[in-house]
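Chemist: So you can see what is in the structure, the chains are spelled out below.
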Amino acid sequence: KAGVTQTPRYLIKTRGQQVTLSCSPISGHRSVSWYQQTPGQGLQFLFEYFSETQRNKGNFPGRFSGRQFSNSRSEMNVSTLELGDSALYLCASSFGKFQGRTDTQYFGPGTRLTVL
Amino acid sequence: KNQVEQSPQSLIILEGKNCTLQCNYTVSPFSNLRWYKQDTGRGPVSLTIMTFSENTKSNGRYTATLDADTKQSSLHITASQLSDSASYICVVCWGSNYQLIWGAGTKLIIKP
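First to last, the sequence lines map onto chains V and G. Residue 37 in my numbering sits at position 37 of the first sequence, and the numbers go up by one each step. Just add 116 to wherever you are in the second sequence, counting from 1, and you've got my numbering.
Hints were generated in silico from the structure; no laboratory data involved. Note that beta-carbon positions come from the ideal geometry of N, C-alpha and C, so glycine has one too. Mixed in with the good hints there might be a few duds.
[As the list claims (entries may be wrong)] What follows is a list of derived Cβ distance ranges for each label pair:
| id | chain 1 | residue 1 | chain 2 | residue 2 | range |
| --- | --- | --- | --- | --- | --- |
| 1 | G | Ser-174 | V | Arg-101 | 20 to 28 Å |
| 2 | G | Ser-169 | V | Ile-12 | 31 to 39 Å |
| 3 | G | His-192 | V | Phe-60 | 33 to 41 Å |
[Said to hold, decoys possible] Some chain G residues near chain V, calculated using beta-carbon distances under 8 Å:
| id | residue |
| --- | --- |
| 4 | Pro-145 |
| 5 | Phe-146 |
| 6 | Asn-148 |
| 7 | Pro-160 |
| 8 | Gly-219 |
[To be verified] Here chain V is said to cover these stretches of chain G; the calculated rule only asks that three of the stretch's residues, wherever they fall, bring their Cβ under 8 Å from a Cβ of chain V:
| id | stretch |
| --- | --- |
| 9 | 162 to 172 |
| 10 | 183 to 192 |
| 11 | 211 to 218 |
Just chain V, with the same shape it has in the complex (with noise of 0.2 Å):
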């Protein structure tokens, strides 16, 4: 059974500009979260999607975006990117709706992103 996908895997962009990053979940997997880790920092939770329903969200701007589709996948978007957002992005996946409720999640390698 394949694990979570990410891409890119790496990722260098300029300040301004905006990027979108993919995940695809676990076959069978419905529920899908988005974190950013930056170095010596713990995961910041982003976002999770379950059937395509944001269900819960982080305390980030509105210059991070995501949305999961009818298969499951999911994409995240920053806009106007910042020296500051640079970090790992890490998605990952799980079955039921809630990932904290009891499932166990499993992640992606991350989309390392640099942000120059």
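Fit chain G to the known structure of chain V by using the hints.
Modeler: Okay, now just chain G, sitting in the frame of chain V:
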């Protein structure tokens, strides 16, 4: 304020030794507590998930304990191996929307 605090921030031990990592939380209402292992540059991997009624849960050489009264959890690693070098993160689930709060992690280094 809902918080998850882990200690120590970092820990260095010799291969073969045991160690215990701590996690204190102040969330309400509590749903469950998880421990993850994260290797450098990779996504976290789930070690255990414990609900309110579970006091102890093991996964190989990893044993997690939970005291819901004192809001404390620990992760005990037995007979450490070099591959145990990683960050260990405590995560607490709370609320009606089952939100997760992630601790900052304990960076564990195993030396030969």
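Chemist: Taking the beta carbons of Ser-174(G) and Arg-101(V), is their distance inside 20 to 28 Å?
Modeler: Hint holds: Cβ distance 22 Å, inside 20 to 28 Å.
Chemist: May I ask you to test the hint 31 to 39 Å on the CB atoms belonging to Ser-169(G) and Ile-12(V)?
Modeler: At 48 Å between Cβs, range violated.
Chemist: Would you say the stretch 211 to 218 of chain G counts as covered by chain V, given the rule of at least 3 residues with C-beta under 8 Å?
Modeler: Result for this restraint: holds, n = 5.
Chemist: Hint validation: Phe-146(G) versus chain V, beta carbon distance must be below 8 Å. Holds or violated?
Modeler: Phe-146(G) check fails; min Cβ-Cβ to chain V is 11 Å, beyond 8 Å.
Chemist: I want to verify a distance hint. Is the separation of the beta carbons of His-192(G) and Phe-60(V) within 33 to 41 Å?
Modeler: 35 Å, holds
Chemist: Check, residue by residue, whether the stretch 183 to 192 of chain G contains three or more positions whose beta-carbon lies closer than 8 Å to a beta-carbon of chain V, and give the verdict.
Modeler: violated (count 0)
Chemist: With a cut-off of 8 Å between beta carbons, are at least three residues of the stretch 162 to 172 of chain G near chain V?
Modeler: holds (count 3)
Chemist: Taking the least C-beta to C-beta distance, is Pro-160(G) closer than 8 Å to chain V?
Modeler: Holds, about 5 Å.
Chemist: Going by Cβ atoms only, is Asn-148(G) closer than 8 Å to chain V?
Modeler: Holds, because the Cβ-Cβ distance from Asn-148(G) to chain V comes to roughly 7 Å (cut-off 8 Å).
Chemist: With 8 Å as the cut and Cβ atoms as the points, is Pro-145(G) at the interface with chain V?
Modeler: 12 Å, violated
Chemist: Grab the minimum C-beta distance from Gly-219(G) to chain V and call the hint holds if it beats 8 Å, violated otherwise.
Modeler: 6 Å, holds
Going through the hint list in order, the structure does not satisfy hints 2, 4, 5, 10.
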